[in-house]
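Chains as they are written, first to last, in the working numbering: chain A, 1 to 142; chain B, 1 to 98; chain C, 1 to 542.
Everything labelled a hint here was simulated from the structure, so no lab data went into it.
Here the structure is a predicted model, which is why all the values come from computation and not from measurement.
Just so you know, even glycine gets a beta-carbon here, dropped at the ideal spot from N, CA and C.
Warning: the hint list may mix true and false statements.
[What the hints assert, rightly or not] Within a straight-line C-alpha distance of at most 30 Å, the following computed DSBU-like cross-link-like pairs (lysine-lysine) qualify: (1) C:Lys429 - B:Lys87; (2) C:Lys246 - C:Lys165; (3) C:Lys381 - B:Lys70; (4) C:Lys325 - C:Lys381; (5) C:Lys429 - B:Lys10; (6) C:Lys97 - B:Lys2; (7) B:Lys59 - C:Lys471; (8) C:Lys429 - B:Lys70; (9) C:Lys471 - B:Lys70; (10) B:Lys87 - C:Lys3; (11) B:Lys70 - C:Lys3; (12) B:Lys10 - C:Lys77; (13) C:Lys381 - C:Lys3; (14) B:Lys59 - B:Lys70.
[To be verified] Partner residues are not named here, just some residues of chain C that face chain A (Cβ under 7 Å, in silico): (15) Tyr7; (16) Glu18; (17) Thr154; (18) Glu158; (19) Arg243; (20) Asn245; (21) Pro281.
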Amino acid sequence: MAEVQFRFRTDEPVADPAVTVDSFGEQSNAAAVRLEPGDDARDLLPHLDRLQLIEVNFPVFGDGRGYSAARILREAGYTGELRAVGDVLVDQIAFLRRCGFDAFAPEVPLDPADAEGAFTRFAEVYQPTTDGRAAIWAKRHG
Amino acid sequence: MKILTGNDLKTGAVTWWDGVQWSLHVEDAVDVGEHADTILAREMAARRVNAAYAIEAVKDEQGVRPAHIKDRIRAFGPTVRPDLTLKPADPTAGDWVI
Amino acid sequence: MYKYDTYDQAMVDARVEEFRDQVRRRLEGHITEDQFKPLRLMNGLYLQLHAYMLRVAIPYGTLSSAQMRMLGDIADKYDRGYGHFTTRQNIQYNWIKLEDAGDILADLASVEMHAIQTSGNCIRNTTSDQYAGAAADEVVDPRPYAELIRQWSTFHPEFSFLPRKFKMAVIASDIDRAAMKLHDIGIQIVRNDAGEIGAAFYVGGGMGRTPMIAPCINPFVPIDQFITYSEACLRVYNRYGRRDNKYKARIKILVHELGKDEYTRQVEEEFAHLLSQNIEPPLAELERIKAMFADPPFEAGAPDELDRSDPDFALWVDNNCVTHKQPGYIAATISLKPVGGIPGDASGEQIRLMADLARQYSFDELRVTHAQNIVLPHVKKADLYALWQVLEANGLGTPNLDLVGDIIACPGLDYCSLANARSIPVAQKISQRLSGKAQEIGELKLKISGCINACGHHHAGHIGILGVDRKGVENYQLLLGGSEAADTSLGQITGPGFDEDGIVDAVEKATQVYLANKEGGERFLDTYRRIGMAPFKEAIYG
Numbered sequence: 001m002a003e004v005q006f007r008f009r010t011d012e013p014v015a016d017p018a019v020t021v022d023s024f025g026e027q028s029n030a031a032a033v034r035l036e037p038g039d040d041a042r043d044l045l046p047h048l049d050r051l052q053l054i055e056v057n058f059p060v061f062g063d064g065r066g067y068s069a070a071r072i073l074r075e076a077g078y079t080g081e082l083r084a085v086g087d088v089l090v091d092q093i094a095f096l097r098r099c100g101f102d103a104f105a106p107e108v109p110l111d112p113a114d115a116e117g118a119f120t121r122f123a124e125v126y127q128p129t130t131d132g133r134a135a136i137w138a139k140r141h142g
Numbered sequence: 001m002k003i004l005t006g007n008d009l010k011t012g013a014v015t016w017w018d019g020v021q022w023s024l025h026v027e028d029a030v031d032v033g034e035h036a037d038t039i040l041a042r043e044m045a046a047r048r049v050n051a052a053y054a055i056e057a058v059k060d061e062q063g064v065r066p067a068h069i070k071d072r073i074r075a076f077g078p079t080v081r082p083d084l085t086l087k088p089a090d091p092t093a094g095d096w097v098i
Numbered sequence: 001m002y003k004y005d006t007y008d009q010a011m012v013d014a015r016v017e018e019f020r021d022q023v024r025r026r027l028e029g030h031i032t033e034d035q036f037k038p039l040r041l042m043n044g045l046y047l048q049l050h051a052y053m054l055r056v057a058i059p060y061g062t063l064s065s066a067q068m069r070m071l072g073d074i075a076d077k078y079d080r081g082y083g084h085f086t087t088r089q090n091i092q093y094n095w096i097k098l099e100d101a102g103d104i105l106a107d108l109a110s111v112e113m114h115a116i117q118t119s120g121n122c123i124r125n126t127t128s129d130q131y132a133g134a135a136a137d138e139v140v141d142p143r144p145y146a147e148l149i150r151q152w153s154t155f156h157p158e159f160s161f162l163p164r165k166f167k168m169a170v171i172a173s174d175i176d177r178a179a180m181k182l183h184d185i186g187i188q189i190v191r192n193d194a195g196e197i198g199a200a201f202y203v204g205g206g207m208g209r210t211p212m213i214a215p216c217i218n219p220f221v222p223i224d225q226f227i228t229y230s231e232a233c234l235r236v237y238n239r240y241g242r243r244d245n246k247y248k249a250r251i252k253i254l255v256h257e258l259g260k261d262e263y264t265r266q267v268e269e270e271f272a273h274l275l276s277q278n279i280e281p282p283l284a285e286l287e288r289i290k291a292m293f294a295d296p297p298f299e300a301g302a303p304d305e306l307d308r309s310d311p312d313f314a315l316w317v318d319n320n321c322v323t324h325k326q327p328g329y330i331a332a333t334i335s336l337k338p339v340g341g342i343p344g345d346a347s348g349e350q351i352r353l354m355a356d357l358a359r360q361y362s363f364d365e366l367r368v369t370h371a372q373n374i375v376l377p378h379v380k381k382a383d384l385y386a387l388w389q390v391l392e393a394n395g396l397g398t399p400n401l402d403l404v405g406d407i408i409a410c411p412g413l414d415y416c417s418l419a420n421a422r423s424i425p426v427a428q429k430i431s432q433r434l435s436g437k438a439q440e441i442g443e444l445k446l447k448i449s450g451c452i453n454a455c456g457h458h459h460a461g462h463i464g465i466l467g468v469d470r471k472g473v474e475n476y477q478l479l480l481g482g483s484e485a486a487d488t489s490l491g492q493i494t495g496p497g498f499d500e501d502g503i504v505d506a507v508e509k510a511t512q513v514y515l516a517n518k519e520g521g522e523r524f525l526d527t528y529r530r531i532g533m534a535p536f537k538e539a540i541y542g
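Here chain A stands alone, though its shape is the one from the complex (with noise of 0.2 Å):
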């Protein structure tokens, strides 16, 4: 299991190990899943406000499911931990976390330089998310 590199919260992390979406229905004690990227994120929705940690597996970068789910979460209201795990490069963590992740466990840890070269490289953005920056619309209207 790859270690959280980086984390945009100040809660503490959740110790649970994460379960399958599948066995998560029948634990009902359970406070940490995992979302592989054919599993429906609305079948979430019942249960967020017992849920603290949601992984997000991105087995191969390529597979963009994971990143609707995340948005589908916080517009849902979800404001526990939203992790992604799996094939995470660089050059994604910008747009995962405009659409709601707050903590990355990439498999191959990455350079933080790079990391954060690409956490802050676009200081405008063309769309509103949930993640609170305003759209280059909203500033032009402000």
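Position chains B and C against the provided structure of chain A, taking the given hints into account.
Here is chains B and C on its own, set in the frame of chain A:
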């Protein structure tokens, strides 16, 4: 014969393994026999070549000729722009390509 | 034309630095080619047959003179003196060095251009009608809507790793000049009976190995919701588009497998949810953009007559110019299809010349067409003869728009690593063989692709040609009856394929069947649709 081709990492130029280094000229290509994978792995790891692969070719009195049309066009240049090939002054230079 | 503000400029400037950094990491060995490939592709940098190829975005095909001039300068400074205008209204350079890529992007950024998302499994450059803002038949200028899509789709965080590439087109006329229904999303801006502007969404069209015509999934999305609707279309695709097989990964397959009704239901459900997320730019943003596409200062009362006493000029006017919405003006197409030439190629010198002519005669504006030609959209009729003389003197006056010599061809096996056969030599031979008869044959859209990816739009040609590899030898299949216009249709294969000379003969025979059977003012396509495939097959194979 089996020869190796790829592109120069920095310039993108088509290159051929001549036994020591990467040449721009298909005529320099050498038969690598069973060593293709070893050479490819070593050379790509050292970034002396990019996207390299092994192909079949034949050698006759004119030179080394890749078996497949795609690699023959890579060796010669665009058939519709002979001025941009490696031998722009020779009007017959591409006769073997197609 | 759209002008960048500091936000837009900062975005492309940051991108230049990001790509420089990615190139540096590759050259220094911090990332492998497998890791670098998707990054360079998202910046339009391919590794092709002979070198790296850079595809530069020309949003909705519109260019200023300064931008066009820069494209010519780049051809000379970093490439081998020419560029290739593509069927997606972009330009490609064939001989780029990886180590120069950062500098080229910086030069492009200096004239508000970029190569962002010109490849990769993301939302590509949005295309549009080449006569936008000039056409007499448009409801509105479609480009402000395309620009809004450009900004929304640029670095979209959710849609940068889609199952496959994603192409959008926006038109605003019932006459479709952008092959709108052959895109992943085609949008037609319409006005309803109440006079309101909205967007008709056609989703799931495309060419490639499984050509499909997009069905209309919503005839009127209110214009202050069309970005949200686009987001819903993309989210359903990103979640459920197939990722197990790249040949079945385009949205057309999803729409086809789910069925139009079920796909539409899912989009509408997602749309209803997304409306609560306030992601739609305000109408004020659309108004800001629209103001930059206001009409240029046309001269009121400019004379509407043309002196047609020079017959060569008159022929060019009749073939290459179309009616303008403003009396006294005309939209003129510069053909990049000289007889026997390479379709879509232009030298650095020609590109700069066209830039200068646009400055002098067309309010600083040019367009690239999906048929690989250049348009000067706003030429005063009084200036037209002088313009034509310069074009004619520089090999740019070929009077063949939409005629048999105006061939669309992909780069094919002369340049492209995906190709199975060469396209350009076939185009050259057909052009040479038939250009003498072009006037007699009339409108004939001939389109050639060198592989089934169909960059040469062969499915949509009145005559289409598909190059294939038959046991290591180039072979060409013939298709008849396609159209990319409002009467969109897909061509049918005539039968067994031909070698290079055989396909040229077959095309000639097809035109002879047409000439022998045409009635009244029928075009080739009309005659084909009336008499069917049989007489053509008989002539070609009989």
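Hints versus structure:
1. C:Lys429 - B:Lys87: holds, 24 Å
2. C:Lys246 - C:Lys165: Holds, at about 10 Å.
3. C:Lys381 - B:Lys70: violated, 48 Å
4. C:Lys325 - C:Lys381: Holds: Lys325 (chain C) and Lys381 (chain C) sit about 13 Å apart, inside 30 Å.
5. C:Lys429 - B:Lys10: Violated, because 36 Å separates the two Cα atoms, which is more than 30 Å.
6. C:Lys97 - B:Lys2: Since the Cα atoms of Lys97 (chain C) and Lys2 (chain B) sit roughly 28 Å apart, the hinted pair holds (cutoff 30 Å).
7. B:Lys59 - C:Lys471: holds, 21 Å
8. C:Lys429 - B:Lys70: holds, 21 Å
9. C:Lys471 - B:Lys70: Since the Cα atoms of Lys471 (chain C) and Lys70 (chain B) sit roughly 12 Å apart, the hinted pair holds (cutoff 30 Å).
10. B:Lys87 - C:Lys3: Violated - the C-alpha atoms of Lys3 (chain C) and Lys87 (chain B) are around 45 Å apart, more than 30 Å.
11. B:Lys70 - C:Lys3: violated, 43 Å
12. B:Lys10 - C:Lys77: holds, 17 Å
13. C:Lys381 - C:Lys3: Holds: Lys381 (chain C) and Lys3 (chain C) sit about 28 Å apart, inside 30 Å.
14. B:Lys59 - B:Lys70: Within the cut-off at roughly 17 Å; holds.
15. Tyr7: holds, 5 Å
16. Glu18: holds, 6 Å
17. Thr154: holds, 5 Å
18. Glu158: holds, 5 Å
19. Arg243: The hint holds - Arg243 (chain C) has a Cβ within 7 Å of chain A, the shortest such distance being about 6 Å.
20. Asn245: Nearest chain A Cβ about 13 Å off; hint violated.
21. Pro281: With a minimum Cβ separation of about 4 Å from chain A (threshold 7 Å), the hint on Pro281 (chain C) holds.
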